[in-house]
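> In case you want the letters, here they are:
Protein chains: 2
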Amino acid sequence: MTRAFAPGSVAFVGAGPGAADLITLRGAERLRNADVVLFDALADPALRALAPNARWIDVGKRVVRLKGGDPSVFGRLEEELAALAAAGIECEVVPGVTAALAAAASTRRPLTRRGDGRSVALTTAVTRDGKLGAGRHADTEVFYMAGKQLAALARKLVEAGWPATTPALVVSRAGWPDELASEHSVASLAEATLLHSGRPTVVTIGVGAEPIAAGARRARLVAESVAAEEARAAP
Amino acid sequence: MTRAFAPGSVAFVGAGPGAADLITLRGAERLRNADVVLFDALADPALRALAPNARWIDVGKRVVRLKGGDPSVFGRLEEELAALAAAGIECEVVPGVTAALAAAASTRRPLTRRGDGRSVALTTAVTRDGKLGAGRHADTEVFYMAGKQLAALARKLVEAGWPATTPALVVSRAGWPDELASEHSVASLAEATLLHSGRPTVVTIGVGAEPIAAGARRARLVAESVAAEEARAAP
Chain Z
8 MTRAFAPGSV AFVGAGPGAA DLITLRGAER LRNADVVLFD ALADPALRAL
58 APNARWIDVG KRVVRLKGGD PSVFGRLEEE LAALAAAGIE CEVVPGVTAA
108 LAAAASTRRP LTRRGDGRSV ALTTAVTRDG KLGAGRHADT EVFYMAGKQL
158 AALARKLVEA GWPATTPALV VSRAGWPDEL ASEHSVASLA EATLLHSGRP
208 TVVTIGVGAE PIAAGARRAR LVAESVAAEE ARAAP
Chain P
8 MTRAFAPGSV AFVGAGPGAA DLITLRGAER LRNADVVLFD ALADPALRAL
58 APNARWIDVG KRVVRLKGGD PSVFGRLEEE LAALAAAGIE CEVVPGVTAA
108 LAAAASTRRP LTRRGDGRSV ALTTAVTRDG KLGAGRHADT EVFYMAGKQL
158 AALARKLVEA GWPATTPALV VSRAGWPDEL ASEHSVASLA EATLLHSGRP
208 TVVTIGVGAE PIAAGARRAR LVAESVAAEE ARAAP
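Chains Z and P, in that order, are what the protein sequence lines are.
Add 7 to a position in the first sequence, counting from 1, and you land on the number used in our numbering.
Add 7 to a position in the second sequence, counting from 1, and you land on the number used in our numbering.
Here chain Z stands alone, though its shape is the one from the complex (with noise of 0.2 Å):
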């Protein structure tokens, strides 16, 4: 089922959210079979459990091989991809949960919703050069290490088009026994900001903000959505 982990080469290991029991049983084995481990800031002590044998290095912000969430989405991966490949040094990428769907998961609000949530765009709403940006590219939008501008935020979101009395939810360290979440509307997205104050933190809006079976309007587009359904496999 799984390939073997080659002597002499990496892995890039996505730990997931946060929660040590939320990498992969792939990832898992990767750790098992290890003799240096490659971490940052964000991985779970509880982690080490997982690589008795293995040293454990720090490698602090710049070079991380074990990486928090999923190493493909806004970890910076492809730098140390292309350092590897100049060296001649083998690798594989172990995919692991990102932020937004652990949030997703743990509030219970999936991101996408028949019908009226079809696309869902994680977003870095910080730029290389330090400035915010935030558009309306999707039905949903989840926005990774906004927690310090939320103000910002809502005002680049209203700008960008969102009513703002759009559904917004804010968790911070999703995925963790102290995962908190909060829930507001665009315009009133500021209010979040003491909650989640220095804390990992992703902000979705839209559609996939919303709380199941809220209200009259989902209950009726899903109702539709099954007789459509019914009628379109009937003979």
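Keep in mind the hints are simulated off the structure, nothing from the lab.
A virtual CB, placed ideally from N, CA and C, is assigned to each residue, including glycine.
Wrong hints could be hidden among the right ones.
Calculated cross-link-like contacts (lysine to any residue; reagent style SDA-like; alpha-carbon spacing at most 20 Å) [to be verified]:
{"id": "1", "chain 1": "P", "residue 1": "138", "chain 2": "Z", "residue 2": "155"}
{"id": "2", "chain 1": "Z", "residue 1": "155", "chain 2": "Z", "residue 2": "140"}
{"id": "3", "chain 1": "Z", "residue 1": "138", "chain 2": "P", "residue 2": "155"}
{"id": "4", "chain 1": "Z", "residue 1": "138", "chain 2": "P", "residue 2": "121"}
{"id": "5", "chain 1": "Z", "residue 1": "138", "chain 2": "P", "residue 2": "123"}
{"id": "6", "chain 1": "P", "residue 1": "138", "chain 2": "P", "residue 2": "167"}
{"id": "7", "chain 1": "P", "residue 1": "155", "chain 2": "P", "residue 2": "139"}
{"id": "8", "chain 1": "P", "residue 1": "138", "chain 2": "Z", "residue 2": "122"}
{"id": "9", "chain 1": "Z", "residue 1": "155", "chain 2": "Z", "residue 2": "189"}
{"id": "10", "chain 1": "Z", "residue 1": "155", "chain 2": "Z", "residue 2": "133"}
{"id": "11", "chain 1": "P", "residue 1": "138", "chain 2": "Z", "residue 2": "123"}
According to the in silico footprint, chain Z covers these stretches of chain P (three or more CB under 8 Å from chain Z) [to be verified]:
{"id": "12", "stretch": "29-41"}
{"id": "13", "stretch": "106-114"}
{"id": "14", "stretch": "118-132"}
{"id": "15", "stretch": "164-170"}
Away from chain Z, derived, C-beta distances all over 12 Å, residues of chain P [to be verified]:
{"id": "16", "residue": "63"}
{"id": "17", "residue": "79"}
{"id": "18", "residue": "140"}
{"id": "19", "residue": "190"}
With the hints as your guide, set chain P onto chain Z.
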């Protein structure tokens, strides 16, 4: 670390994209303690070894609990959550690795890139009434369930403003041992139809479809980023 799995409750578990070892440790633990597992056609038979004591019930497409990928992304989770809430049955959602992340990992093409890859959108190309829709929502766009309509998707992408030369990556059965991946441009996307025929397929368009270290442009961008960061970090 893990909340207890209460008797009489339901856990929605994301099985990950395919291979059984891409489920999370938490998902595997829930299977180990389950009395009944409801699953759909997407689940890897090898997962059964993780729940040897449970009754496994194939519930087809309409009601599922063990879901392929991540339950919150194109999993139609909202309908099942609403039904359980109406019936007063407790539940939890365990996230998983969604196909877009698995495809990025196995092809070593990160979905986000510093500088020009700030956002990634996950979209279903087919609407509720069976029509094909495609826009230009983010720097990288991943289309789910587009395998049968690649020629039409290419036309819609050009209409939406994607240059015909934009890189396109097609991956079918992402995360499985028999995964197939092929490289195209938006203009030549239809070429992929035969190779991936009859297989669950994701199509990645834009920056995230580019190979790493492909050309001078990306190397220059990365070098600029590093120089800018070092300049900022200097005392």
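> Could you run down the list of hints and mark each one as holding or not?
Now for the hints, and whether the structure bears them out:
1. 138(P) x 155(Z): Roughly 40 Å between the alpha carbons, so the hint for residue 138(P) and residue 155(Z) is violated.
2. 155(Z) x 140(Z): holds, 14 Å
3. 138(Z) x 155(P): violated, 41 Å
4. 138(Z) x 121(P): holds, 14 Å
5. 138(Z) x 123(P): Judged against 20 Å, a Cα distance of about 14 Å means the pair holds.
6. 138(P) x 167(P): holds, 16 Å
7. 155(P) x 139(P): holds, 11 Å
8. 138(P) x 122(Z): Between residue 138(P) and residue 122(Z) the Cα gap is close to 12 Å, so the pair holds against 20 Å.
9. 155(Z) x 189(Z): Given pair residue 155(Z), residue 189(Z) holds - Cα atoms ~15 Å apart, limit 20 Å.
10. 155(Z) x 133(Z): holds, 10 Å
11. 138(P) x 123(Z): Answer holds: residue 138(P) to residue 123(Z) is near 14 Å, not above 20 Å.
12. 29-41: Answer holds; 7 residues pass the 8 Å Cβ test.
13. 106-114: holds (count 5)
14. 118-132: holds (count 12)
15. 164-170: With 0 residues in contact (Cβ-Cβ under 8 Å with chain Z), the coverage given for the stretch 164-170 of chain P is violated.
16. 63: Consistent with the label, residue 63(P) stays out of reach of chain Z, its closest Cβ about 18 Å off (over 12 Å).
17. 79: Violated, since 4 Å does not exceed 12 Å.
18. 140: Answer for residue 140(P): violated, closest chain Z Cβ roughly 7 Å.
19. 190: Label holds. Min Cβ-Cβ 16 Å, cutoff 12 Å.
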